[in-house]
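Full structure from sequences and hints, please.
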Amino acid sequence: MSEGRSRTFYVLSAIFALYVLFLYGPTITILVLSFQGPSGGMTFPMNGVSLHWFHNLWAGIGVPNVVDALINSLKLGLVVTLLTVVISIMAGYAFRKKFRGSNALFFTAIASLILPSIVVSLGIALEFQLVNQTITGWGDSLVENYADIENPTAWTGFLVWVGTSIQDNYQTLMGLFTSGLGAHLTWTLPFGLLIMFAVFNRFNPAYEEAARDLGASPWQTFRHVVFPIILPSLFGVALFGFTLSWDEIARSSQAVGSANTLPLTLRGLTTTVTTPVIYALGTVTTAVSFAVILTAFVGVLIVQARRRRHGSDAGKA
Amino acid sequence: MLDVKSRWTPYWQAAPLALVFLIFFLLPLLVTFIVSFWTYTGYSIEPAFVGDNYASAFDKCFASLPDLCTTFRTYLSTLKFCFLVWLITLLLGFTIAYYLVFEIKTNTMRIVLALLCTIPFWTSNVIRMISWIPLLGRNGLVNQALMNAGITSQPIDWLLYSSFAVTLSLVHINTVFMIVPILNSMSRIDKSLVEAAYDNGASAWQTIWNVIVPLSKTGIAIGSIFVITVVMGDFISVGLMGGQQIASAGKVIETQITALQFPIAAANAIVLLAVVLMIIWTMLRFVDIRKEL
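Protein sequence lines, in the order shown, are assigned to chains H and E.
Using my numbering, read the first sequence as starting at 1 and increasing by one per residue.
Using my numbering, read the second sequence as starting at 1001 and increasing by one per residue.
Just so you know, nobody snuck in bad clues.
Pair ranges (Cβ atoms, derived):
no., chain 1, residue 1, chain 2, residue 2, range
1, H, Asn65, E, Asp1067, 43 to 53 Å
2, E, Leu1027, H, Asn47, 48 to 58 Å
3, H, Ile302, E, Gly1243, 44 to 54 Å
4, H, Val303, E, Phe1286, 37 to 47 Å
5, H, Thr295, E, Gly1201, 50 to 60 Å
According to the in silico footprint, chain H covers these stretches of chain E (three or more CB under 8 Å from chain H):
no., region
6, 1019-1029
7, 1110-1117
8, 1131-1137
9, 1250-1262
10, 1267-1281
What the hints contain is simulated information worked out from the structure, not anything from laboratory work.
We put the beta carbon where it would ideally sit given N, CA and C, even for glycine.
Printed below as a string of structure tokens:
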């Protein structure tokens, strides 16, 4: 092909530049506007520069409580991350061998990725509502059947006690760490699985054979050979897990129960809050995302630096 | 002994994954299907086997043809968004992937530019939608600029809380899902094929249409499936950017859930699912995406 830059290159470069502007423009706008002065509004021009709206945010902007939502999202995100990494590694190992149902499992994971989130979310909500109805139904029928029984025994007394405690105490099984956690995992695990496929496709089994020949147990092989080699990719899985969960809204919308996550709260606030405090919140959540991602990058760098220092050739093809 | 043990290894290793999808994906879909035939009262759903929910989902739809009922109009508007967003993200995604693969010469630069496209996805989607307010609102930057330039005398209202805004935000969010898979397929194309086409006298368009597009087909299909399914089920962008005024298949379901009309919502969810599966099935007839995995 011809040397030098063609006209196509400049046209395409311009398109690319416009796309990048389109991508970043809005986010940069609210980043700037979150430092709006106390008398400034939701749009330009800036009326001075201040941290006023961050102070407002810190003081709380009423119901729903943003700080609680932030903590909920962080906690859920960390649990989702941990489970995504562990379950993905195990499944990644499993898929290296042929097993019955592996195709069905794989296509289920892909289906979970592409079916509309609102359908999944509704399904989980319905499932938990049925469980709740069943449990309260048990409670009611226990009390009904045994409360006025003629010769109560210790056993029927126990059943009545179970029935009344269900009636008095049972609310719902639905919550952040039951239905909410499950809803998030159906979103993060397909990504984790696909990354593990990529990892194990490039993995040289000779390292494992060498470890086995030297008498390592399967666990030792994993702990001292496989794990260190795949560690950088695991940071990737963790990163995906956390950011997908941190930003997940469609599946959470019906499935987290009464506790709100940050994206849900944010969505609620967009209709009620009409001050730049919402931009301040946007800036803070963006900062958290960036902090998490930078931490993961630093983690990868540390792992690689350690490798170099110890003169290990692990992971090199 | 070792053989007996290792035969079962993949099963317990895959068990947690299978269990999550069973409890939180397959069972919920089954429950949705079953509940779509149930009835409901103000506070609970009652087992039954009635078609009422489907009947009310398609209330008078077939009787009133050729006039479109609410459901058909909703699906038509959803499909319209879907097609528009798909077309724009495809053209944009293909162009950008082409630029990165064939016009950028060094690998480092390619990685840097590709990363540049993904960084905005590190922030929340809701935040990225709010971000359009100071730009597109009545007093937003775009309107200020247009009025200062004397192009319009008063602010344009349809920039925000409109079909335009919904399309814009869906393109904003989804283009990357086109770029990445197309980039992935395209970067595997042997450059000598492109040179061969060039040497045989093919024009740039002929090379793109006859060499690059066919070889990027799987990437295009994967990106398309992702974008189409996301847009078909979307209710967040449609709600926030449409000012809660525009109907979409997903939004209808959400509204019914809020009104605790679970069985009707379930029936609508099944209809949506059927439509989406039909679209995916049609696309899979043209390409075998398993080649890519």
